[in-house]
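Next come the chains, spelled out residue by residue.
4 protein chains.
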Amino acid sequence: MHFKVGVAGHTGYSGAELVKILGRHPSCEPVLLDHRETEGITSRLRRVALEPGAVAAAQLDAVLLATAPEVSLDTVPWLLKTGTRVVDLSGAFRLRTVENYQRWYGATHTSPELLALAIYGLPEFNRTQIAGAQFVSNPGCYPTAANLALRPLLQANLVDKSHGVVCDAKSGVSGAGRKPSLKTSFCEVTGNFSAYSVLNHRHVPEVLQLSGLQEEEFSFTAHLLPIARGILETIYLRATTGNVNRIAEVFAAQYSSEPFVRLYQPGTLPDIHAVAHTNFCDIGFVADPANSRVVVVAAIDNLVKGAAGQAVQNLNLMLGLPETEGLL
Amino acid sequence: MHFKVGVAGHTGYSGAELVKILGRHPSCEPVLLDHRETEGITSRLRRVALEPGAVAAAQLDAVLLATAPEVSLDTVPWLLKTGTRVVDLSGAFRLRTVENYQRWYGATHTSPELLALAIYGLPEFNRTQIAGAQFVSNPGCYPTAANLALRPLLQANLVDKSHGVVCDAKSGVSGAGRKPSLKTSFCEVTGNFSAYSVLNHRHVPEVLQLSGLQEEEFSFTAHLLPIARGILETIYLRATTGNVNRIAEVFAAQYSSEPFVRLYQPGTLPDIHAVAHTNFCDIGFVADPANSRVVVVAAIDNLVKGAAGQAVQNLNLMLGLPETEGLL
Amino acid sequence: MHFKVGVAGHTGYSGAELVKILGRHPSCEPVLLDHRETEGITSRLRRVALEPGAVAAAQLDAVLLATAPEVSLDTVPWLLKTGTRVVDLSGAFRLRTVENYQRWYGATHTSPELLALAIYGLPEFNRTQIAGAQFVSNPGCYPTAANLALRPLLQANLVDKSHGVVCDAKSGVSGAGRKPSLKTSFCEVTGNFSAYSVLNHRHVPEVLQLSGLQEEEFSFTAHLLPIARGILETIYLRATTGNVNRIAEVFAAQYSSEPFVRLYQPGTLPDIHAVAHTNFCDIGFVADPANSRVVVVAAIDNLVKGAAGQAVQNLNLMLGLPETEGLL
Amino acid sequence: MHFKVGVAGHTGYSGAELVKILGRHPSCEPVLLDHRETEGITSRLRRVALEPGAVAAAQLDAVLLATAPEVSLDTVPWLLKTGTRVVDLSGAFRLRTVENYQRWYGATHTSPELLALAIYGLPEFNRTQIAGAQFVSNPGCYPTAANLALRPLLQANLVDKSHGVVCDAKSGVSGAGRKPSLKTSFCEVTGNFSAYSVLNHRHVPEVLQLSGLQEEEFSFTAHLLPIARGILETIYLRATTGNVNRIAEVFAAQYSSEPFVRLYQPGTLPDIHAVAHTNFCDIGFVADPANSRVVVVAAIDNLVKGAAGQAVQNLNLMLGLPETEGLL
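Chains as they are written, first to last, in my numbering: chain A, 1 to 328; chain B, 1001 to 1328; chain C, 2001 to 2328; chain D, 3001 to 3328.
Just so you know, these hints were derived from the structure itself, not from any lab. Some hints here could point you the wrong way.
These stretches of chain D come out as covered by chain B in the derived footprint (C-beta under 8 angstroms, 3 or more residues) [what the hints assert, rightly or not]:
1) 3174-3186
2) 3189-3199
3) 3215-3228
Derived lysine-lysine pairs resembling BS3-like cross-links, with alpha carbons at most 27 angstroms apart [as the list claims (entries may be wrong)]:
4) C:K2020 - A:K183
5) B:K1020 - C:K2020
6) B:K1183 - D:K3179
7) D:K3179 - B:K1179
8) D:K3161 - C:K2161
9) A:K20 - D:K3161
10) A:K183 - C:K2179
11) A:K161 - B:K1161
12) D:K3183 - B:K1020
13) A:K179 - C:K2183
14) C:K2179 - A:K179
15) D:K3179 - D:K3020
Note that the Cβ used here is the ideal one computed from N, Cα and C, for glycine as well.
So here's chain A without its partners, still in its complex pose (with noise of 0.2 angstroms):
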């Protein structure tokens, strides 16, 4: 089997990174859709334009997007019509409701009709309806080390809510994306730290839906980490039990046999360098029983199981093929 998938956006970091993942995939070939040219990018790919006439004749079997929200909101629905599979790695549909795009994209949604077929690819908890789908919103990167942290503990009855949970998650530049700004220059960026979007970030209420916290009971802050790529998000929270036992059960239970999660020894913590370039999702954890105090640590790349290879993840479940093609 081979299929020709398209990439728009693939002067970004998260388009690069599909670009190359693509490349190295047994069953699939990257075709470039031409959002526009950039500086310092040249490729021996083919090139087809985004947009509807040149993308029909392509006969592509899927397209992914790793381009703006506006841009996709723009895209998507001509997208839809060619018949073509789509994966969007913005965040235009990954939130259930045109209110919430509203208030936390501060912009209208312009096709509200759309985010009912928008799948969360989240192939963890919802691997089937991906599987079936001809459109996958791709989850955010943040949104994505902590629903695989929290959702088992909660769904588990795990945690007591009313203590609130707090995410405490630090991110590589990369996340930031490739248009040069002062605040991701290299002299701003050495040797400094610095939290930004507390309490305010667009990826909070991706993580309220998923998990079923209100939001109030989840604080989140994201914070600049003067590396290129990576996230590791430190998660605290007080559990209904002290069991460490308990805790370490919650977690194999969901994930032992999970292709690109992987669990640590109770009290021992992953880093970034352990999932950099990987599609994996790393976790764990540690408790203090005499409080049922929970410190969980989830680290990925942000731009593999956090973007491009999560959305190559949910390609390969959309395609028919083995999840983990192309990812190992």
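The hints should help you fit chains B, C and D onto chain A, whose structure is shown.
Then chains B, C and D, alone, in the frame of chain A:
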């Protein structure tokens, strides 16, 4: 006025910073107290052996110990008998009880009689005691930032302790000392980020002691940042009020005339660049009026306000010099 | 004595360093000359518009221009007419001929009559002229290190010019300025290293002018180091002698009483840490007695001895102050 | 086909890279040859003791030694007697004479009889010999880039040797190995850059051997880059022609069908990002037609084309596999 100030442990990062600060100090002259020679360190400064006869003969006005706790435990007793002033930068005399020392440092405290004599050297809270002291125990780096950020809010009863306080702390690598190890080698640290000492860092009891929080109310995780120097702590708490102005007022009442604490406008936050190579502790916060969630961010340079700078601030007080001399 | 010193271009890295150095200078007070407002820069310093009436009215003792060459070209003529002293940190007045300016800066020089007036501000070679000057052109960062390393050997006829001189230069990213660009964005620079302006860097003619080398005798390549600040140049030449002591003597004769040049023992070499945040130029060399090959390594901080620090060194001379004031 | 390939020294950076590459290799299975256990390394791979009986019993198709020269000296003799193929990544068997080994490695060579047997493993120049060899000595990282950049020009008589050749080389820290030391600790390396082994690096004789240059004609300086991996070498020479096209033709004639050498358009140059985590050697050059000065820039990943990748490239040839297998 001119004071001779001995520095032990000048081959470490904190000790080297002490020598640098004292070298520019208008009223002090550093004297090296050689605990041992170390590779790659040369100096034209006067050297005196770190042993009773030599130190007594040198008639030092003060001695600053940038040594390991076990060295400080051996040294402080005889140093004090020579009549000199002492500032100990190690953790040997920070905790008030030998039980706490045994638990957190894993060793027997051999000079319990000196614990009552040791003044905890955080000038913003006990300037007067420091000024009259012969022996000051310099605070740890993490507790300096945490206590400066938390204590005003706690004393004003603005913290709902039942929700617990989370302190997610990140430090540059110099905090781990200068001794080579795999964990602090360049290739392991660059591009990486990791958590350590989750819920059991030995700096925790210093925060509990000064803040009055109970252990189960204070969750602390340390992380290793891929930078040389600087600490940023992100502190999460539930306030007893969502009134941003009230929080700002409490901070201002405490710090508006402090020379080394800088407050940020509500909603704006310091980063590590703002404090690197300075003796400042910068504090900002974000408050969520709807749910009374508050996130406080405090930043210091771990080698300056978190070690050598604060030691000289204490020394200035002990010698009757202006508190800021040599530090601006 | 107290001097008012205007600083134009304070939002750039060199300008910010000027403001920092002058802010600690015992005899000078910085005044901001606003060319434009820039994101994220605030200051409590006095501000004066960068136009003739305002500057004249402000009665400034000197003006330091950390501006682009084209801005300096427009500004210096009227500034000098106000009677104030001027140090220009741009490249606008460094080259002695308009032909050279046209070739290396790709623009017409609009004030050729001022070229004869501009004193090249390398104090180690023309201190006396600087002291009496109204207008000093501050050297480029690369030429400062290269000329300090090469000129003594050339003047002592120790260089076999027929073999050519190679200067392999590496600079931190602040040398590229503060304006955001893809090339200086964090993700592109971290973990990377690249050469640029091979054989045609606009700093080359500054070296030729002062050293007397011909263009074909001097091969220069610039490289971008993944650090914020600092320059290290590795210079290869064939000496007319393999006598290490002779080379050391020539350097010592030139520099042993210079306050800002430090010589290393033969066979030992400076690194960038040794000079970062200082106004020193550190010089070391290795000689191969058998074949008279000599490798000289020179290190400076590009923002200090390579820009702002040297400008203040020149300013001190122009104002009749001790040359080292505010710089140690 | 399926080959069992032993890896000794898997706890070092080159050895770990070998295990990683072989772990993805379609025709090879790595087996760990335990020289010693090291902190923080765990593996599910099969382990065999690095001693004659165990290795013979394991019936390995090949053994790759990522060990120190003294370990390789002790190991290679008995390894070869077991009949297995050997690729030695150390410097123990790279130099053709025991005198050279004594001079550059400061130790007596204990197996001089094996020097004639050792094939120097640079496939771009002696692919045929490698294919038939039992024992290959893998080139050093610096010489790999230098020889690939220089040898075509030298063989085409395009280099004016009387002017000398300068190779200014810069390497990431992994080149110094994984053993902790002050020089490779994070705080000493970050923000820093330094030269080392000026004119006397032990990799020099490897370049002389293959290029035919005399020692006085080749000036080599190594530098430590604040990055984890990657080498960039800037090579200066005087050509016997200023004809850019001629130089480009020589490179193209040599490399246009090489799978792991990529040539850049004249005037454009590779950087380290272009080759990191790949087995490519990228080569570009700038020529000055007026004076026949040529600057060649070559970049490799020191752990891949400079060590483990090249070793697997050699292994592929020795095993009769496609040369690129497991390396693209």
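How the hints compare with the structure:
Closer than 8 angstroms: that is the beta-carbon criterion, and the segment 3174-3186 of chain D has 8 residues meeting it against chain B, so the requirement of 3 holds. Counting residues of the segment 3189-3199 of chain D whose beta-carbon sits less than 8 angstroms from any beta-carbon of chain B gives 3, enough to reach three: the coverage restraint holds. Residues of the segment 3215-3228 of chain D lying with their CB closer than 8 angstroms to a CB of chain B number 3, which satisfies the three-residue condition for coverage. For the hint pairing K2020 (chain C) with K183 (chain A), the CA-to-CA distance comes to about 21 angstroms; that is within 27 angstroms, so the pair holds.
A hinted pair counts as satisfied when its Cα atoms are at most 27 angstroms apart, and K1020 (chain B) with K2020 (chain C) qualifies at roughly 19 angstroms. Among the hinted pairs, K1183 (chain B) with K3179 (chain D) is consistent with the structure: their alpha-carbon atoms are about 11 angstroms apart, no more than 27 angstroms. Between K3179 (chain D) and K1179 (chain B), the direct Cα distance comes to roughly 13 angstroms. Compliance with the 27 angstroms bound is thereby established for this hinted pair. Proximity of K3161 (chain D) to K2161 (chain C) is assessed by CA-CA distance (about 16 angstroms); at most 27 angstroms being required, the pair is judged to hold.
For the given pair, K20 (chain A) sits about 43 angstroms from K3161 (chain D) by alpha-carbon distance, which is inconsistent with the 27 angstroms threshold. Restraint check: the Cα-Cα separation between K183 (chain A) and K2179 (chain C) comes to about 11 angstroms, which is no more than 27 angstroms; the hinted pair holds. Distance hint between K161 (chain A) and K1161 (chain B) is fulfilled; the C-alpha atoms sit about 16 angstroms from each other, no more than 27 angstroms. For the proposed pair K3183 (chain D) and K1020 (chain B), the alpha carbon gap of about 21 angstroms is at most 27 angstroms, so the pair holds.
This hinted pair checks out: K179 (chain A) and K2183 (chain C) have alpha carbons roughly 11 angstroms apart, not beyond 27 angstroms. A threshold of 27 angstroms between alpha carbons decides the hint, and for K2179 (chain C) with K179 (chain A) the separation of about 13 angstroms falls inside it, so the pair holds. For a cut-off of 27 angstroms, the pair hint linking K3179 (chain D) to K3020 (chain D) stands: about 20 angstroms separates their Cα positions.
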